[in-house]
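Can you build the whole structure from these sequences, using the hints too?
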Amino acid sequence: MKKRPLGRLEIPIVPYDKVPANVKPFDAVNFFNDEFSIGKVVATHEYRNKSGELLCYSVTQQCKINNLLRIVHPIRWCYNRNFRNNCWEIKGFENNEFTPIYGAEKLANNQKTVLIVESEEKADKANERFPQYNVISWLGGVRTVDQVDWSQLKGKEVVICTGRKKEEKKARKVISKELNYHNIENSYINDIKKLPSDPQQSKKGWGLVTNLLNKLKMNSIKLFTPKKEKQNSNLSRIPEEVKEKSPLITREQTSVKINGVDISKIFKKDLLDNNKIVGTHEYRDINGKLLGYSVRFKEKVTAKNKKSTEKILPISCDIQKDTNSDNWVLKPPTDNGSTPIYGAEKLSKNDKTVLLVGNEKAADKASKLFPKYNVISWYGGSKTAEKVDWTQLKEKNVIIWPDHGLNGVGLGHKISQTLEKFSSTKVYLVEVERFWLDLEKHKGWNLSQKLPDGLKLRDIQLILQKGERECGMRITPFKENENIKNNYISAKSSSNIKLKSTSNNAKSKNLRNDPPSQQNNSGRDGR
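Here the sequence shown stands for residues 0 to 526, where the numbers follow numbering that gives the first Met the number 0.
Straight-line Cα separation of at most 20 Å, SDA-like style, residue types lysine to any residue; simulated pairs:
| no. | residue 1 | residue 2 |
| --- | --- | --- |
| 1 | K348 | T475 |
| 2 | K39 | H72 |
| 3 | K153 | N179 |
| 4 | K351 | K364 |
| 5 | K310 | K330 |
| 6 | K351 | T475 |
| 7 | K111 | N48 |
| 8 | K371 | T424 |
| 9 | K121 | P73 |
| 10 | K364 | F477 |
Pairwise CB distance ranges (calculated):
| no. | residue 1 | residue 2 | range |
| --- | --- | --- | --- |
| 11 | C77 | N182 | 32 to 38 Å |
| 12 | P24 | E166 | 30 to 36 Å |
| 13 | V408 | K367 | 23 to 29 Å |
| 14 | I70 | P19 | 24 to 30 Å |
| 15 | D26 | D272 | 41 to 47 Å |
The set of hints was computed from the structure by calculation and includes no laboratory data.
All residues carry an ideal CB built from backbone N, CA and C; glycine is no exception.
Spelled out as structure tokens, the structure:
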């Protein structure tokens, strides 16, 4: 049966019985000094209430068999049935008892900010390093965090620092909920994994914590804020001046801005700490109005032989009907309820041929390679292609370059069939499956990546011209940029060009002088 949080019980529950004043102090070494002891005593901690009266002890033993294993015993002054007398005993927790707070006697003496950590040993080290804070912990670790009377911290500013492990993060959330229940202002910071044995010698790890604590001391922020009801707003366009109110994540962290938008108030601090921003893509409608952004993150890798992963998260503006305020939120941008087209603002400026690719990264790269095309994409990939308003491509000449692979080719056919329904739109689908590329090695290949061995930039140009010719479009001329060409073609193709440049010089000149209509381009795209 799941324990009910004791902080919400109406029945007054007291901690352990107070230890009488005439009792001899507990001697942990003699108590555990026998042949049946599991290990050596390495630490003993006193637990007192806010009045300074002794409640119990906790003893930490280092296991004889495994030096890395440490066991914590609660020692209480209680009645022993065998001896029929009161004595020091190892006694666990009862369901009707509060777990005592380590360092509770400090709470009544001053108004310092309270720092909560997950163990007594860490609290002792933090007390030496941060005398300006009341550093406390509790008995039993993460297993007993829901049995602590956190109402003792009323009137205090609290910073929670309980570690980065999964169970320690859960403990942090439990503490924050209890503090919010008692209307106690609280915030939290991430823990440092390796604590220095001598705080005076180490300035790296604890220096970071000190700076964060100094920031949080005067600006304590609630970890959990009440959730607002979702507002279904059809108006998704962003006004020129956006007020940054009520961000999703309200916690103290370094400001990170993208085009004037402070994303540190939208994305979680853990995400910004463990990932770096490698790209941002701006979405506008066909009239140039800003709709939102998609931000591409790449995981920071420290371990060897570990591949970093990429993730794309959207931000857009949500207009609240009740307050009529504009807030940046973690939400995909929309264009009048449909999935927006990346680069849609180019469509109304000129009548260039449209090159449709599979994602924003490929669109950015292809725009640099082929500036005489309007290169576009859409948000969300294959999952949102059906929600795109493709009527914006009416009366346009469109070349579709899908990602290599079964999924990309199939999606390209679906989009092509949709656009062919518009009688005024000319469509050509590049058959990337006829390049005969290795499916495993080049799965998902698109124009944002380096060309496979044997395929040259000039081949891509001729394929685009072939599509324009077959569909009766205007042929787009090309002017090769050597800097882009050298950076884009594969290494093997580059070496082949250098080796054969002298022998095939005359032949290449003749090919370049021939008009496109007289060249045999069927072999260029795998036909």
